[in-house]
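Chains A and B, in that order, give the protein sequences.
When you line the first sequence up against this note's numbering, it's residues 1 to 754, in that order.
When you line the second sequence up against this note's numbering, it's residues 1001 to 1754, in that order.
There could be a bad hint or two in this list.
Unchecked claim - Taking lysine to aspartate or glutamate pairs in the EDC-like style, the calculated list, with each CA pair at most 16 Å apart, reads: (1) K1456(B) with D517(A); (2) K1456(B) with D601(A); (3) K1614(B) with D517(A); (4) K456(A) with D1608(B); (5) K456(A) with D1601(B); (6) K1456(B) with D609(A).
By construction, these hints were calculated from the structure, which means they are not laboratory data.
2 protein chains.
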Amino acid sequence: MKPFAIYALCFFLTAPLALPADAPLAGYSAGSAQAERDWETKFRAIPEPANLRAYMQRMSARPHHVGSPYDKDNAGWLLAKMKEFGLDAQIESFDVLFPTPKERALELVAPTKFTAKLQEPTVAVDPTSNQHDEQLPSYNAYSIDGDVTAPLVYVNYGAPADYEELDRLGISVKGAIVIARYGQTWRGIKPKVAAEHGAVGCLIYSDPRDDGYNGGDVFPAGPMRPKDGVQRGSVMDMPLYPGDPLTPGVGATKDAKRLPVKGAPTLTKIPVMPISYADAQPLLAAIEGVVAPDNWHGDLPITYHVGPGPARVHLKLSFNWDLKPLYDVIVRIPGATYPDEWIIRGNHHDAWVNGAEDPVSGAVAEIEEARAFGALLKQGWRPKRTIVLCFWDGEEPGLLGSTEWAEAHAAELAHNAAVYINSDGNGRGEFAAEGSHSLERFIDTVAKDVQDPESKLPVEDRLRAFRTANLPPGTTPQEFRARQDLRIAALGSGSDYTAFLDHLGIASLNIGFGGEDRGGIYHSIYDDFYWYTHFSDTNFVYGRALAQFAGTSVLRLADAELLPLDFQDFSETIGRYVQEVENLARDKRDQIIEVNRQIDDGVFAAIDDPQHPKQPPKKEAVPPILNFAPLENGLAALQHVTDLYERALAHAGDNGAAALARASLRDVNQRLILVERALTLQDGLPNREWFKHQIYAPGFYTGYGVKTLPAVRESLEQKDWKLAEEQIVRVGKVLENAGEAIQGATTALSQAAK
Amino acid sequence: MKPFAIYALCFFLTAPLALPADAPLAGYSAGSAQAERDWETKFRAIPEPANLRAYMQRMSARPHHVGSPYDKDNAGWLLAKMKEFGLDAQIESFDVLFPTPKERALELVAPTKFTAKLQEPTVAVDPTSNQHDEQLPSYNAYSIDGDVTAPLVYVNYGAPADYEELDRLGISVKGAIVIARYGQTWRGIKPKVAAEHGAVGCLIYSDPRDDGYNGGDVFPAGPMRPKDGVQRGSVMDMPLYPGDPLTPGVGATKDAKRLPVKGAPTLTKIPVMPISYADAQPLLAAIEGVVAPDNWHGDLPITYHVGPGPARVHLKLSFNWDLKPLYDVIVRIPGATYPDEWIIRGNHHDAWVNGAEDPVSGAVAEIEEARAFGALLKQGWRPKRTIVLCFWDGEEPGLLGSTEWAEAHAAELAHNAAVYINSDGNGRGEFAAEGSHSLERFIDTVAKDVQDPESKLPVEDRLRAFRTANLPPGTTPQEFRARQDLRIAALGSGSDYTAFLDHLGIASLNIGFGGEDRGGIYHSIYDDFYWYTHFSDTNFVYGRALAQFAGTSVLRLADAELLPLDFQDFSETIGRYVQEVENLARDKRDQIIEVNRQIDDGVFAAIDDPQHPKQPPKKEAVPPILNFAPLENGLAALQHVTDLYERALAHAGDNGAAALARASLRDVNQRLILVERALTLQDGLPNREWFKHQIYAPGFYTGYGVKTLPAVRESLEQKDWKLAEEQIVRVGKVLENAGEAIQGATTALSQAAK
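The shape of chain A in the complex, shown without the other chains:
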């Protein structure tokens, strides 16, 4: 903390942003815009870094995973805090399957012996690192029990493409235990793909290239992962469905109907365990056989070989398969005008261990937001819409708290939920937002009104500068500057927005700051107050900025006369996704034709190295040229009505400041809320019904990474041309549905503004 004390001081002395008092505000009449700006200014003056720091110290003082005493304690403390702020809060509880380790053993049995330590040691300067009695051991939640001994194969990140490379090398993992490094795919993909290829066990280790000494000094000298640090984490098959494995689609209430544990669809098919690089190095060094391809090499001081063997390992795992209680803390601030339109804000409170960064750094911002709302209420502010503030439990094992709550309240949410805003951990640096593109313009306007703590510029200016200096390849500065709003990325998965967006079709955002500091304490015992206050947002000014940003967003959405959703950026972006899947189809086809030709021409035979032979790829049937017209027609319809809505909006504005204020906009707002719903289909994605959204989904083989137009894109990626053709029709219809929903809002708006 010391080095930043003076530095921090100068932030606190800075004047707030000067706002243009008469700037128009989307969704607000001229008269109400000024009042709104006043409330927002008051709101942003309230959050205090000192409070954020104190909350973090309290919440991360002890391990607080699902089912732990301190998890419940934190929930109780949060409830009391909310009441102290004058808010209406309650705890909602669910009972979920949450396995914890009974036995963990890993040993190298040949060619030499080595027993893995599987233990993160106490670090003397770090006061919470010695709480071993309360810490969850390092493990992957929802691994099945297992006791296997087998040769070891190194599989790089364990992604599908890595197995294609193994095929080329003539190496099978059938009957083997694979060792994969963390990174690139979500961890749950690694055992899933390994099992699909016949492996009997899976180890996942943190290579020092990914978050160890390669990135900086290791903890406690620096922020990076020390040799014994382990990344815990869930490996449930979340791309199939998140939440309690036993109650898909319904809330895990006391009396919910439950699947049997054995064979629950989202448990892994093989045992899997995470290990440190100190434990991994002797295993990897004992593997011989082919030298791993260049881009498979990590930063351990060894030659990376693929195997299989002669390294053989014995992996033994068993778990307590108990139900554990979840404690979601839910706050409601009722809306004065539209009580049945909800603006929902959430961040989880559970952690793998002490979790100062993940999730407490985000949760403490939400606490200050709640305090600020409480203060504003006392000053007479009344939101038009209902605000729901959520502190989720059980995010770490599989988005349990948010998913069970969303499933339990699905009917209400389907009707009432307008927008969900999530955060999950926070750091120093650039603002980032991902989410529904109908909120892109809105979030850009909020970013103009919140100050970046370091540059003192509006967050939007800093982000624009950052993007200018880091243009993606192929984008010219001219192209970048020509677009009015900063793009936001689409949402995959990895935090609590998933059920809201993907299952229920609620327009969602995930926001936060970061990028300036690196760390290697993710899901380890070293993610704690000591680490955060030495190596991240040490003076909590970015925590304050997050509270200011999220709070302004909630306030502005809750107070607006007309919900400030925008469909221009939205439909332009969908147009890009349509172009992408068309290019993907064409590229896949061209690629198959070219590889087939190369096989026929003997290219692979000609260049094969007899000392390092590779299997040539197999010839594939050339795919048909697909008919993308249904998707393009849907897009054209969507873009057409988008323009009509924009015109209706401009027209409503032309009628003068009073028009919006006078009109009854209830019907328009209700219709706007339903636009995101129109992007879902009740029977979901092919083979994963829980995921209903047809524009966004986490990839079935990426986990975190988003697939836009997932039904079309994934069927192309998996070369299921017939399915792709069906999905093009289906998703084209979804775009038409969305167009009709916008058309409905347009008509209602035109009526209201008359």
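Use these hints to put chain B onto chain A, whose structure you have.
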């Protein structure tokens, strides 16, 4: 050797390539083509892997660097061998400055103590690794003497761009000792650029990422660099001029006028020494300060910091500054028809230590070529042109033997030399040729007639397959397939072609096989017979292929009625270079405008991380839009006469088989030889007069890497717009000169074919 014995056998039993008996041969009348093909077939049947192996064992039996007893012994043995083959051979000797170490010391003096070992240990299984009395210690030749103690700064590869990055980080190397990793630039660039930035000493180490354990198992378990292995090498300022530092431009004969050693222009300005990664690791680990940028990280198990300090090192170096004798072995096979047209073939014989790979694997091929020429001569073959076979001494310290010989014989060579063909080490895998583009089509035809030992396909087919499977980004398979000939790369520097091509304007090629095996023994004591026969072309079939390839090339050039130079590929390729420099000028300009705008817009200030501050780049004057018309006009003239020459050639062909045979082609051939000379200018490149070629040169700041149209390209890279504009005019004139030279050949050919 064992694993490949059976495998090797099947090579030896394979039938030779079936050649189309009546295929036309460029430069040959139909009648003589068949005779030539017969001689070539006989030639290719002669080289024997067993001989190559025996020669290598003999030549690499002891260390044989310049001035060593075994260097002289090898030269004498080569001379005797040539005479044994019935060839006219002699030794030509020169006396050159060649410093050898007197004192070498390196120690870390703070914050802890460590003394570098600076010694490559004996490896038990490797029988020549214990010849410590004869081995040159690890050092960089032409480093000046020095005794410095200073803080250490890590400078990545030590290239100019790395110092730009250091500027952004606010770090100066003034008064510091820099430590750079081997790779990316030629090693001599590292101390040169370091000195330009004020450093007082330079260490160069072999990072395990570059040729150590990252690439495979280390010697003797595998081919890669062991922890104590060191890359020796020259650091003279070869991009200024290669060869003896004391006799630039003239042969270093006994009575040559010599510069004083002190201040000789190509000695380094600061002391420099190469070290192993075992010696480097404690030094690098002791550096603190800024964490190095991501792409600066090597594969040592440490966090790479930049410094400066707290690591302080003491470096002490002194050398014996003696003249040493060179022994070039030169063989002449006089031409029967055109004795004053010379086809020259060379490979060096000196090594840093035992040098089995570098250079013996290439030299032994040339020995077998000589044996085959001797055998053919006994069978009645007489080349039309004179063949000169050269075994150079002193390549390693600075291309000494070839440069001094070329300078000593400059007048004869200017008149007589038609083509120079170089090799320098050889391995398993793809064929590679670099050189004058007027030889591109020729070398492609030779590649159709030599068999690749592994695939049994013509070398050209295998290379085409390889390139098909490894297209450069942005090239479509269609574009690649549309071009008749495989492209060859332009020549930079790094071996003995330099004086021939760059100083004298003789069309040159550098050829060899490789790419399938990796190694980390370059310029170490482990580059020896044991290593080569375990980890490279262990059965010498690629050595045979090199002898077959180089021999066929020499034979075909020496026997041709009309020199088979081609100017279509040549002028098309020059057109690409012209386009490249135009793009470079435009991109530089656009980039400066954009960066200036970003500075004005406050982009760098907006995104600066106060905890890791970076200096913004400095605003630069926007360059003028340059007039490239002189270069384009020169190119247009060149392309025009190229077409005329091609038509004249076709016309000569149309006149029937006898036309070429009847005609006196002496004048045409003489004029063809002079086309490459027309690409030179007597006053050389700006600031480096020795380099006369205006199309190819090693980069002043890359060393190995070529810069095409160097006078224009480097003035653009160095942002000297005025110089660039002058050089555009000058080089445009050179293209016109080349056009006139081709025009002369065209007229002569039309006359001859009438």
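Hint check:
{"no.": "1", "hint": "K1456(B) with D517(A)", "verdict": "violated, 55 Å"}
{"no.": "2", "hint": "K1456(B) with D601(A)", "verdict": "holds, 15 Å"}
{"no.": "3", "hint": "K1614(B) with D517(A)", "verdict": "holds, 15 Å"}
{"no.": "4", "hint": "K456(A) with D1608(B)", "verdict": "holds, 12 Å"}
{"no.": "5", "hint": "K456(A) with D1601(B)", "verdict": "holds, 15 Å"}
{"no.": "6", "hint": "K1456(B) with D609(A)", "verdict": "holds, 12 Å"}
Of the hints listed earlier, the one the structure fails to meet is number 1.
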